Amino acid sequence: MPAQTGDVIELAHGGGGLMTRRLIDGLLRPAFAQSADDLTHDGAMLDIGGARLAFTTDSYVVRPLFFPGGDIGSLAVNGTVNDLAMCGAEPLYLSVGLVLEEGFAIDDLRRIVASMRNAAEAAGVRLVTGDTKVVERGKGDGLYVNTSGIGLRRAPLPIAPQQVRPGDRVILSGDIGRHGIAIMAARDHLGFETEIVSDCAPLAAPVQQLLAAGVEVHCLRDLTRGGLATALIEIADAANATIRLEETAIPVSDPVRGACEVLGLDPLYVANEGRFVALVPAHAADRTLGILRHFDEQAAAIGCVEPGGTAGSVSLSTIGGNRVLDLLTGEQLPRIC
Amino acid sequence: MKYVDEFRAPQAARHCAAAIARITTRHWTIMEICGGQTHSIVRHGIDQMLPNGVTLLHGPGCPVCVTPAGIIDAAIAIAHRPGVIFCSFGDMLRVPGDGGSLLAAKAHGADIRMVYSPLDALEIARDHPDREVVFFAIGFETTAPTTAMTVLQADRERLANFSLLVSHVLVPPAIEALLSEPDIGVQGFLAAGHVCTVMGYRDYEPIARCYRIPIVVTGFEPLDLLQGLYLCIRQLEAGRAEVENQYSRSVRRDGNRTAQEALAQVFVVQRQRWRGLGEIPASGLALAEAFARFDALRRFGEVGAHAEQPGPCISGEVLRGMKKPMDCPAFGRQCTPERPLGATMVSSEGACAAYYRYRRPRAAAGTAEKVSP
Amino acid sequence: MCLAVPGKLLSIEGDDPLTREGRVAFAGIVKAANLAYVPEAQPGDYVLVHAGFAITVIDEAEAMKTLAYLAELGPEEVP
Numbered sequence: 001m002p003a004q005t006g007d008v009i010e011l012a013h014g015g016g017g018l019m020t021r022r023l024i025d026g027l028l029r030p031a032f033a034q035s036a037d038d039l040t041h042d043g044a045m046l047d048i049g050g051a052r053l054a055f056t057t058d059s060y061v062v063r064p065l066f067f068p069g070g071d072i073g074s075l076a077v078n079g080t081v082n083d084l085a086m087c088g089a090e091p092l093y094l095s096v097g098l099v100l101e102e103g104f105a106i107d108d109l110r111r112i113v114a115s116m117r118n119a120a121e122a123a124g125v126r127l128v129t130g131d132t133k134v135v136e137r138g139k140g141d142g143l144y145v146n147t148s149g150i151g152l153r154r155a156p157l158p159i160a161p162q163q164v165r166p167g168d169r170v171i172l173s174g175d176i177g178r179h180g181i182a183i184m185a186a187r188d189h190l191g192f193e194t195e196i197v198s199d200c201a202p203l204a205a206p207v208q209q210l211l212a213a214g215v216e217v218h219c220l221r222d223l224t225r226g227g228l229a230t231a232l233i234e235i236a237d238a239a240n241a242t243i244r245l246e247e248t249a250i251p252v253s254d255p256v257r258g259a260c261e262v263l264g265l266d267p268l269y270v271a272n273e274g275r276f277v278a279l280v281p282a283h284a285a286d287r288t289l290g291i292l293r294h295f296d297e298q299a300a301a302i303g304c305v306e307p308g309g310t311a312g313s314v315s316l317s318t319i320g321g322n323r324v325l326d327l328l329t330g331e332q333l334p335r336i337c
Numbered sequence: 001m002k003y004v005d006e007f008r009a010p011q012a013a014r015h016c017a018a019a020i021a022r023i024t025t026r027h028w029t030i031m032e033i034c035g036g037q038t039h040s041i042v043r044h045g046i047d048q049m050l051p052n053g054v055t056l057l058h059g060p061g062c063p064v065c066v067t068p069a070g071i072i073d074a075a076i077a078i079a080h081r082p083g084v085i086f087c088s089f090g091d092m093l094r095v096p097g098d099g100g101s102l103l104a105a106k107a108h109g110a111d112i113r114m115v116y117s118p119l120d121a122l123e124i125a126r127d128h129p130d131r132e133v134v135f136f137a138i139g140f141e142t143t144a145p146t147t148a149m150t151v152l153q154a155d156r157e158r159l160a161n162f163s164l165l166v167s168h169v170l171v172p173p174a175i176e177a178l179l180s181e182p183d184i185g186v187q188g189f190l191a192a193g194h195v196c197t198v199m200g201y202r203d204y205e206p207i208a209r210c211y212r213i214p215i216v217v218t219g220f221e222p223l224d225l226l227q228g229l230y231l232c233i234r235q236l237e238a239g240r241a242e243v244e245n246q247y248s249r250s251v252r253r254d255g256n257r258t259a260q261e262a263l264a265q266v267f268v269v270q271r272q273r274w275r276g277l278g279e280i281p282a283s284g285l286a287l288a289e290a291f292a293r294f295d296a297l298r299r300f301g302e303v304g305a306h307a308e309q310p311g312p313c314i315s316g317e318v319l320r321g322m323k324k325p326m327d328c329p330a331f332g333r334q335c336t337p338e339r340p341l342g343a344t345m346v347s348s349e350g351a352c353a354a355y356y357r358y359r360r361p362r363a364a365a366g367t368a369e370k371v372s373p
Numbered sequence: 001m002c003l004a005v006p007g008k009l010l011s012i013e014g015d016d017p018l019t020r021e022g023r024v025a026f027a028g029i030v031k032a033a034n035l036a037y038v039p040e041a042q043p044g045d046y047v048l049v050h051a052g053f054a055i056t057v058i059d060e061a062e063a064m065k066t067l068a069y070l071a072e073l074g075p076e077e078v079p
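Protein chains in written order, with our numbering: chain A, 1 to 337; chain B, 1 to 373; chain C, 1 to 79.
Note that these hints are calculated values from the structure, not bench results.
Warning: the hint list may mix true and false statements.
If you want the footprint, here are the derived chain B segments under chain C, 3+ residues with CB under 8 Å [stated by the list, open to error]: (1) 10-17; (2) 111-122; (3) 134-143; (4) 152-165.
From a predicted model like this one, the values you see are computed outputs, not experimental measurements.
Glycine included, each C-beta is placed from N, C-alpha and C at the ideal position.
Make a model of the complete structure from these sequences and hints.
Written out as structure tokens, the structure reads:
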């Protein structure tokens with residue numbers, strides 16, 4: 001653990017970047033992991049009594065609770081659905097744990113619960129068990145939500161970074177950066193007149209379509225905090241592969257572009273909640289794009305896995321050459337300098 | 001985006017780089033003043049496009065990097081005072097003083113809020129009349145006018161609960177201080193385009209004459225930087241030493257008069273300590289007496305200033321362009337963006353952070369990344 | 001330093017020199033900017049915005065000249 005800021009957890013530990021990794025690798029995995037695979041992936045792949053399952057959990061602490069395009073409830077359902085989808089599993093059942101702060105408005109809870117029900121319906125999952133706790137006023141920031149989920153793995157072949165091969169193409173399901181900017185705009189009162197809407201959405205359907213069409217999917221990763229760059233760096237690292245991206249091929253919507261320019265943010269590191277990357281063999285790239293474009297016409301082929309190069313790295317083509325993308329230290333902050 | 005995309009056109013960039021190669025017959029060392037220019041150069045790989053004869057040095061134009069550690073300690077001390085809401089640009093939150101950073105202070109309970117503009121801090125003050133709101137006013141001449149207008153608004157509204165911790169610095173004195181160092185080795189400058197948008201470039205004319213050094217006022221996009229380098233090298237090859245304006249769509253010789261008038265009204269020039277560079281006369285701004293009641297140091301008393309601690313950090317020499325980040329024994333080892341020893345690693349545009357993020361030397365063979373000598 | 005971004009001034013609110021504000025469009029977003037330092041700015045102009053303030057009006061003619069100069073550097077071999 002970093003010594004300088006030392007003895008307490010910082011916000012950056014939750015940012016999804018280097019400090020989060022350090023926390024997991026340095027403190028959590030040593031305590032919990034019983035095999036090399038434990039706690040490494042979005043979801044755990046378990047084989048129980050012949051059933052091929054995926055199991056995942058996620059906690060949601062987003063502020064503000066309500067934002068354009070969703071709320072903590074829809075986020076909590078879709079986030080867990082997507083983690084299961086990224087294992088190539090059909091999401092089936094979710095649990096929900098609520099930690100409520102004394103004084104939280106019941107109307108707000110009603111809204112959030114309705115939102116969760118709607119999201120579950122849209123994603124084709126059932127909320128089957130849960131728990132509710134209340135903490136004293138001042139100790140809970142309104143509401144925290146945890147969802148855990150179980151799904152059935154349908155894909156014949158494993159879907160994991162270890163399946164990635166040189167020559168694979170990187171396909172992105174849609175434009176990036178909406179969720180992070182939507183949250184920032186709402187939370188920090190950035191005064192954007194245009195409302196930027198989060199891309200929060202379930203991803204099980206496009207993934208199931210790819211699998212049903214027999215596409216040989218090597219790896220899937222949904223983009224969350226830390227953005228596209230972080231997701232790909234993690235894959236490259238776990239796969240010991242070299243990924244090369246074409247900057248001009250990465251779709252960014254105009255409002256997100258404008259917001260990123262104004263705030264000095266790199267869209268590649270801005271959070272998403274309804275986008276994923278699929279790594280597929282070159283011969284399957286067109287088919288993959290065709291299927292994904294049915295769901296989002298912004299889907300694009302953005303790069304490939306290169307033979308050679310520096311293993312475990314992601315590089316981006318620039319005007320002058322290539323630059324290597326690194327994990328961020330903590331949350332990306334707007335700047336004026 | 002208009003006025004951005006056109007200046008990132010890859011083919012025009014390649015042509016300009018080729019033109020630079022054509023006219024370069026000798027080795028030249030050029031310094032870009034502004035951290036934003038450093039960021040852009042490294043991000044777009046501009047230095048990878050230059051012929052081997054051109055060396056780029058990264059200068060001290062990173063207001064975050066040069067903010068003295070003592071001021072950051074003062075900021076943290078003020079932020080911890082009960083009832084204070086401390087507002088800061090995102091840039092300053094991770095910079096370590098001697099007692100940690102503002103972000104660490106936030107983790108320990110201080111009410112520290114990130115703002116995009118000083119006007120946001122003013123708004124917070126209006127919304128919370130029962131709290132003391134303090135704004136951390138850092139930056140060069142580009143940002144000082146935004147502080148000035150905020151002070152004028154606060155003054156007119158007679159806001160009683162608003163004050164500023166001021167640490168604005170001026171570029172031309174820093175350039176002169178650099179040029180009076182014996183080993184400096186810089187033969188030409190790319191001046192900071194946004195600073196000059198406010199201040200104009202008259203102040204650079206005596207510097208160019210006196211030190212016989214070409215100065216090209218340059219923008220921030222790839223084409224701006226490449227054209228700025230082209231013009232600078234063209235001067236060097238011809239033995240000229242003048243001020244030229246590459247960023248003419250934004251910069252005029254006299255700059256922005258309204259902004260300069262606001263600066264003159266709200267601030268006085270003072271001797272200033274620069275982190276890593278020491279004290280430079282007439283290089284900083286303080287609130288004029290008429291607005292002294294908005295000075296947070298007066299309001300809260302001199303707080304928390306520690307003496308600067310020695311250590312392996314060579315950010316002073318990096319800021320002066322005398323060393324590169326890779327020359328530092330701590331670079332990438334004890335000193336990383338998550339555990340920075342000095343401000344040049346913390347600030348996203350500090351030379352060390354830029355190199356770490358975009359150009360860290362990799363152990364394995366394969367990607368041959370050209371690093372400027 | 002000094003991240004400043006060009007945007008199109010859509011409209012102006014207020015007359016007071018200190019607080020005069022404009023709605024500025026940057027690609028797909030619109031955000032307010034203080035116009036105290038660009039008293040001459042008119043809707044339709046492009047302004048350079050830094051930390052919530054417009055610090056200059058972009059000179060279209062000069063922008064064109066810069067691009068033309070760059071175009072002339074072209075791919076020819078003869079300098």
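Checked hints:
no. : hint    : verdict
1   : 10-17   : holds (count 3)
2   : 111-122 : holds (count 5)
3   : 134-143 : holds (count 4)
4   : 152-165 : holds (count 3)
Hint violations for this structure: none, all hints satisfied.
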